[in-house]
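A.B. asks: Each chain, written out:
Protein chains: 2
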Amino acid sequence: MIFTILIAYFLVLQAKDKLIAHLRRIIQLSPTEEVIVRNSFKKKHLDKKEVLLFTGEVSSHMQFIADGCLRAYYMDDEAKEHIVQFGIEGWWVNDLYSYLTQTPAKQFVQALEKSTVLQIHRDTLNDLYNEVPAVERFFRLKFEKAYVAFQYRTIDAMAKPAEERYLEFRTKYRDIEQRVPQYMVASYLGITPEFLSALRKNLR
Amino acid sequence: MIFTILIAYFLVLQAKDKLIAHLRRIIQLSPTEEVIVRNSFKKKHLDKKEVLLFTGEVSSHMQFIADGCLRAYYMDDEAKEHIVQFGIEGWWVNDLYSYLTQTPAKQFVQALEKSTVLQIHRDTLNDLYNEVPAVERFFRLKFEKAYVAFQYRTIDAMAKPAEERYLEFRTKYRDIEQRVPQYMVASYLGITPEFLSALRKNLR
DNA sequence: CCCCTTTCTTAATCCACCTTAAGATTATTC
DNA sequence: GAATAATCTTAAGGTGGATTAAGAAAGGGG
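Note that the protein sequences, when read in sequence, are chains A and B.
At position 194 of the first sequence the residue is numbered 193 (numbering that gives the first Met the number 0), and the sequence of numbers has no breaks.
At position 202 of the second sequence the residue is numbered 201 (numbering that gives the first Met the number 0), and the sequence of numbers has no breaks.
Quick caveat, the hints were computed from the structure, so don't treat them as lab data.
Heads up, the beta-carbon is just placed ideally off N, CA and C, and yes, glycines get one too.
Check before you lean on any hint, since a few could be wrong.
Calculated pairs, DSS-like style, for lysine-lysine (alpha carbon to alpha carbon, straight line, at most 30 Å) [to be verified]:
| no. | chain 1 | residue 1 | chain 2 | residue 2 |
| --- | --- | --- | --- | --- |
| 1 | B | K144 | A | K15 |
| 2 | A | K171 | B | K105 |
| 3 | A | K200 | B | K141 |
| 4 | B | K42 | A | K105 |
| 5 | A | K144 | B | K42 |
| 6 | A | K79 | B | K144 |
| 7 | A | K171 | B | K42 |
If you anchor each label on the Cβ, the simulated ranges turn out as follows [stated by the list, open to error]:
| no. | chain 1 | residue 1 | chain 2 | residue 2 | range |
| --- | --- | --- | --- | --- | --- |
| 8 | A | A148 | B | E88 | 44 to 50 Å |
| 9 | B | R178 | A | P30 | 29 to 35 Å |
| 10 | B | V34 | A | V50 | 49 to 55 Å |
Starting from the given sequences, assemble the full structure and let the hints guide the process.
C.D. replies: In structure tokens:
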């Protein structure tokens with residue numbers, strides 16, 4: 000019993016250590032600031048297939064993945080799933096539109112493996128921007144990077160044929176490809192699983 | 000002569016007034032800060048078809064459109080143009096990837112009409128982030144918004160048929176549609192001008 | 001106001017990718 | 001370790017949008 004508590008406490012620390020290390024790769028934090036940041040986030044454990052955010056809910060937290068693998072996806076009118084983003088350790092996942100505009104989410108966020116995320120509430124984060132300006136800088140840079148990465152993904156998606164996109168996905172996200180089913184990769188690439196299967200056959 | 004100079008000076012003021020008004024819609028600026036911001040930007044006039052940024056150059060400035068209409072586009076291997084973004088008064092245009100990573104631009108930025116832009120150099124802007132933190136907040140919010148807007152554009156582009164995308168473009172950017180040739184709208188939507196023409200015929 | 005360039009349309013043919021449906025593998029669960 | 005669910009493959013036929021080539025219309029410079 001005590002033992003379990005100790006292990007749990009250790010995991011919390013570990014998760015937050017990962018977050019701090021992640022931030023320190025971009026910005027500097029004084030020891031005091033580090034404490035403030037640590038206290039602003041709450042750990043949340045997710046089972047495989049557990050849904051962190053449902054369509055229709057308003058997303059109120061930014062989420063850092065300390066461990067595991069999640070996906071963000073939406074369902075079209077014909078109830079088909081379209082994966083917008085995968086995330087593994089060290090990534091952030093969310094329906095950002097919902098988070099930023101405080102409107103109901105159009106996306107689901109779901110764990111594909113047992114996962115640990117660190118959550119910070121929008122209000123807490125907005126306070127944190129004032130208390131620890133470096134955190135605001137971190138997110139400015141984060142969004143800049145996310146924006147250009149996304150722009151290039153889109154340009155690729157519109158200009159390049161599916162085979163090329165798949166090959167790029169493989170080299171860029173080898174670690175993810177190993178961990179998620181193939182039909183989800185197809186969904187992320189914007190093609191049907193049947194077509195991906197056919198592509199892969201051609202590549203052999 | 001003197002008269003021309005007076006008019007030119009008036010236009011500079013006008014342009015910077017527009018910028019300040021644009022910023023004030025999002026953040027607050029003290030009179031001192033306003034002066035600092037004004038002095039950080041330089042006005043640039045562009046003739047129709049003039050290119051502001053060439054592929055291969057490194058983009059070193061953020062650019063606010065005070066007047067006119069511009070486009071950002073890239074050329075694929077087959078020398079076909081793909082429009083990534085349009086911009087009119089009150090928008091920002093750039094090859095952000097180049098600006099942020101200081102690598103050679105893959106996009107052109109070109110005026111589609113006589114235009115006026117206000118430019119700020121990357122170094123000046125980075126200083127400005129420290130001198131006027133509200134400006135950093137402005138750009139954090141700007142990138143957040145740009146990111147989600149782009150994400151939704153992409154989701155649309157992958158999920159919806161061309162006709163629907165065209166109709167959405169029309170309602171969302173009526174003002175732009177009036178000002179740019181139809182084949183550029185097609186390029187922005189990721190379809191051929193011939194197909195757009197056929198679509199429009201069907202809608203009548 | 002005319003000429004030349006830019007832009008838009010029409011129509012035939014073609015291809016990347018989708019749909020449907022069925023069977024073959026591979027995981028999970030009891 | 002059998003049963004069931006989840007995932008992957010194969011193959012036939014369909015469709016959205018591209019390509020090519022022409023001509024029509026609209027603009028803009030001199």
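A.B. asks: Taking the numbered hints from earlier one at a time, note which ones the structure violates and give those numbers from smallest to largest.
C.D. replies: Hints 3, 4, 7, 8, 9 are the ones this structure does not satisfy, whereas the remaining hints hold.
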